[in-house]
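S.K.: In case you want the letters, here they are:
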Amino acid sequence: MRIPAWKRWLVAVVCVVAVLALVPNFLSRETVDRLPDFLPKNHVVLGLDLQGGSQLLLEVDAKAVVRDRLEQLVGEVRAALRPAQIGYRGLGVQGEAVVLTLTDPSKLDQALAELAKINPLLPAAGFGAGSIRELVIEGQSDGRIRLALSERARDDRVSAAVTQSLEVVRRRIDELGTREASIQRQGVDRILVQVPGERNPEAIKRLLGKTARLTFHMVAMEVDPAEVRAGRGPAGVMLVESAERSGPREWVLYRQVELSGENLVDAQATFQNNEPVVSFRFDSQGARKFARITQENVGKLFAIVLDDKVISAPRIREPILGGSGIISGSFTTETANELAVLLRAGALPAPLTVIEERTVGPDLGADSIRAGVIASIVALVAVIVFMVLYYGLFGVIADLALLLNLVLIVAVMSLLGATLTLPGIAGIVLTMGMAVDSNVLIFERIHEEVRTGRTPLSALETGFDEALRTIVDANLTTLIAGAVLFQFGTGPIKGFAVTLVIGVITTMFTAVTVTRIMVAAWYWRARPAQLAV
Amino acid sequence: MRVLPRIVPDGTNFPFFRYRHWAFAASVVVIVAAIVMMLVRGFNLGIDFAGGILLEVKTPGPARLAEMRTMLGGLGLGEVALQEAGSSDLVLIRVVRQPGDESAQQAAIEKIKQALEQGFGPGLDYRRAEFVGPKVGEELRRAGTLAVVIALVLVLVYLWFRFEWQFGVGAILACVHDVFAVLLVFTVSDLEFNLSSIAAILTVVGYSLNDTVVVFDRVRENLRRYKSLPIDQLIDKSVNETLARTVMTTATTFLALLALYLFGGPVIQGFTFAMLFGILVGTYSTTYIAAPVLYYLKLRPAALTAGESAPRPG
Chain A
1 MRIPAWKRWL VAVVCVVAVL ALVPNFLSRE TVDRLPDFLP KNHVVLGLDL QGGSQLLLEV
61 DAKAVVRDRL EQLVGEVRAA LRPAQIGYRG LGVQGEAVVL TLTDPSKLDQ ALAELAKINP
121 LLPAAGFGAG SIRELVIEGQ SDGRIRLALS ERARDDRVSA AVTQSLEVVR RRIDELGTRE
181 ASIQRQGVDR ILVQVPGERN PEAIKRLLGK TARLTFHMVA MEVDPAEVRA GRGPAGVMLV
241 ESAERSGPRE WVLYRQVELS GENLVDAQAT FQNNEPVVSF RFDSQGARKF ARITQENVGK
301 LFAIVLDDKV ISAPRIREPI LGGSGIISGS FTTETANELA VLLRAGALPA PLTVIEERTV
361 GPDLGADSIR AGVIASIVAL VAVIVFMVLY YGLFGVIADL ALLLNLVLIV AVMSLLGATL
421 TLPGIAGIVL TMGMAVDSNV LIFERIHEEV RTGRTPLSAL ETGFDEALRT IVDANLTTLI
481 AGAVLFQFGT GPIKGFAVTL VIGVITTMFT AVTVTRIMVA AWYWRARPAQ LAV
Chain B
534 MRVLPRIVPD GTNFPFFRYR HWAFAASVVV IVAAIVMMLV RGFNLGIDFA GGILLEVKTP
594 GPARLAEMRT MLGGLGLGEV ALQEAGSSDL VLIRVVRQPG DESAQQAAIE KIKQALEQGF
654 GPGLDYRRAE FVGPKVGEEL RRAGTLAVVI ALVLVLVYLW FRFEWQFGVG AILACVHDVF
714 AVLLVFTVSD LEFNLSSIAA ILTVVGYSLN DTVVVFDRVR ENLRRYKSLP IDQLIDKSVN
774 ETLARTVMTT ATTFLALLAL YLFGGPVIQG FTFAMLFGIL VGTYSTTYIA APVLYYLKLR
834 PAALTAGESA PRPG
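One line per chain: the protein sequences are A and B, in this order. Residues in the first sequence are numbered consecutively from 1, following our numbering. Residues in the second sequence are numbered consecutively from 534, following our numbering.
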């Protein structure tokens, strides 16, 4: 039972670091900021189930991403085949592909050669992936051609859309003035938004539910909407619903996008003639375009389209050269504000759907904290008393190890900035029960060794050594279960896995070092002739 | 110094192994019952797995449950379950998954909130609002099952590596038994089966393994020490030698979980109940499933096992 000095130092250092790591949990943020830099400043983060808050799992509409690209592709195909004077019919998006049929099937090879020119190689990802093209083009002898996105191209596009959405979501939530929101990517096409303390997730949902794609189109005033509805309209126009309460229900617009929200640099909600409006400003490129359009089209109607709905179609009275304008529609102060936020934050590349929502009110969170704390204290006291009554002095040692263990768990969680959830508290309580297991294994082993007639010193040494192997084997299996739980769990369950895994590790540490040091210290001081374990 | 007497007296020699047939019968009954109940009655699936909506509402005064039930039932949202949640002014509202896609679920939440506000005024407080879309529900179900299976496989590999293959098989069979036993509790009772239930099952698996490994470790040690002791006696000896530790650890863990069950609040009550039951089962399965498997898988050659009169050294 001689403990090498380095081991004692190790334990001492660990204890000091642990206590230092605990400190930030009890200080206000301002005080922590004033601490010198060499001190740990992280603290345990309370999960949404404890502090209250909203968690939304959003899914990026991958189909819409693909559809957008395919619609673009239709134009490219048209542009590729026109100069080669290859005739076709039925060009359009069908399912997840662009299809067309050549009027002269014998020109298939020529057509495929032309289309190959608009099919670039994708940048290589890793080794040997450089030969993947964006499109998979299939031609049939009857002149039918099908262009679909290759799997890589599809994945790349969806991934880029998610990355971009992530940015937009972050900007929109920042605009709301919500602090400490966490926005993470999850899986291939998902975004996890966690907003602590939010009582009303509806505002967030409404804000994230809009794509906010803003485009400006000229109104095709000469075309009769009824003609377009009947499918007899000229090429290059489209029918768009109106979002306004007054005026026509539908507008015929030129498909050509004159300007889009990408050119905006600012948008603000203001008032004009006592009515809420949104004022906006273009960047320099947008301003030039805007000036040209308004110069060339004085007297015509200019439609502002948001998410496939015309929000306003004012008449251009005079050229607007300053690059700023006003959207007046049927706004309330609130909706004008919302639109301004959306325009400032930019458009989402594809619609987002809320596929999971979990909101916990602060009251329930507080109740859970209270319940968790009471349960922990009761469990702790029960285990401590039981151990002392059962093992006497050794029980006291085990209890000290247990308390240190709890300090270590919270310290490690603080250093990692880990999240404590209600199931996480359950994990800690469970660890209390199991933490004493290591000590029980040691004590029972010592007890057995004493009974075989060993001297106290020999019994202690053999007891610790033999028990160690069992402790490691037994705890590693729990560790495996905990790690799997961590990998597969989400939210609160992950919180449970975190405390369980940390608890198992600290338990092993305290059992093999701290308990041993304390028992050794007692032994060399008391030098008992016999052990009563 | 010791205040309490030792729970397990020194040198116990309880013939656990003799009663293995009874125990086997009981285990088989549990597993068959679990399977039958799962097929016949199924689980009270929470929204994590079934998808759907859950709201916890606090009303200004005592909740008028019957009135609420009639009103929400009339919204045409399918099955709406109302339940008092802990105190008389808390109501838990569960709505089954709505036909259609995610937006249909969102619309349903709005509808309920509107109806509640109209009928019961603005003093309502939403303590909890959860919604799980059909897609996520299915994924969680798959991930949950996968987690349990992967954990078992990893443990099998670890034990194979650390011990011999018979130990791995024994431990896994014991775990499978425990999983079924906990599942039986879920099907028999009305406990909601949700993500925390998976966590509870995995914890039980971890605990059961912990317990099994302690006994196996002793079996391995005794195998080296008593070269000619028949395996059945050796198993009994090992179980008896570790009995004091088993009882102590189970007692302290049970004590801690009991505190959690009694004081931890309604949110995790189901979770702790499953664990309370699980650690008892996990302790039982070590002795009556994991250990006997070693015997049947002939950890020691049969010739030795047959020799009832083999000398007992030590």
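Take the hints with a grain of salt, since some may be wrong.
[To be verified] Per the computed footprint, the stretches of chain B lying under chain A, defined by three or more beta-carbons under 8 Å from a beta-carbon of chain A, are: (1) 651 to 657; (2) 677 to 684; (3) 777 to 790; (4) 802 to 809.
It is worth saying that the hints were derived from the structure and are not from the lab. All residues carry an ideal CB built from backbone N, CA and C; glycine is no exception.
S.K.: Now tell me if each hint is right for this structure.
M.R.: Each hint, compared with the structure:
Only residues whose C-beta sits within less than 8 Å of a C-beta in chain A count toward coverage, and the stretch 651 to 657 of chain B has 0 of them, not enough to reach three; the restraint is violated. For a cut-off of 8 Å, the count of residues in the stretch 677 to 684 of chain B with a CB near a CB of chain A stands at 5, and the three-residue condition holds. Counting residues of the stretch 777 to 790 of chain B whose CB lies closer than 8 Å to any CB of chain A gives 11, which reaches the minimum of 3, so the coverage claim holds. Coverage of the stretch 802 to 809 of chain B by chain A holds. Counting CB-CB distances below 8 Å, 3 residues qualify, and the rule asks for three or more.
Hint compliance for this structure: hint 1 is the single one not met.
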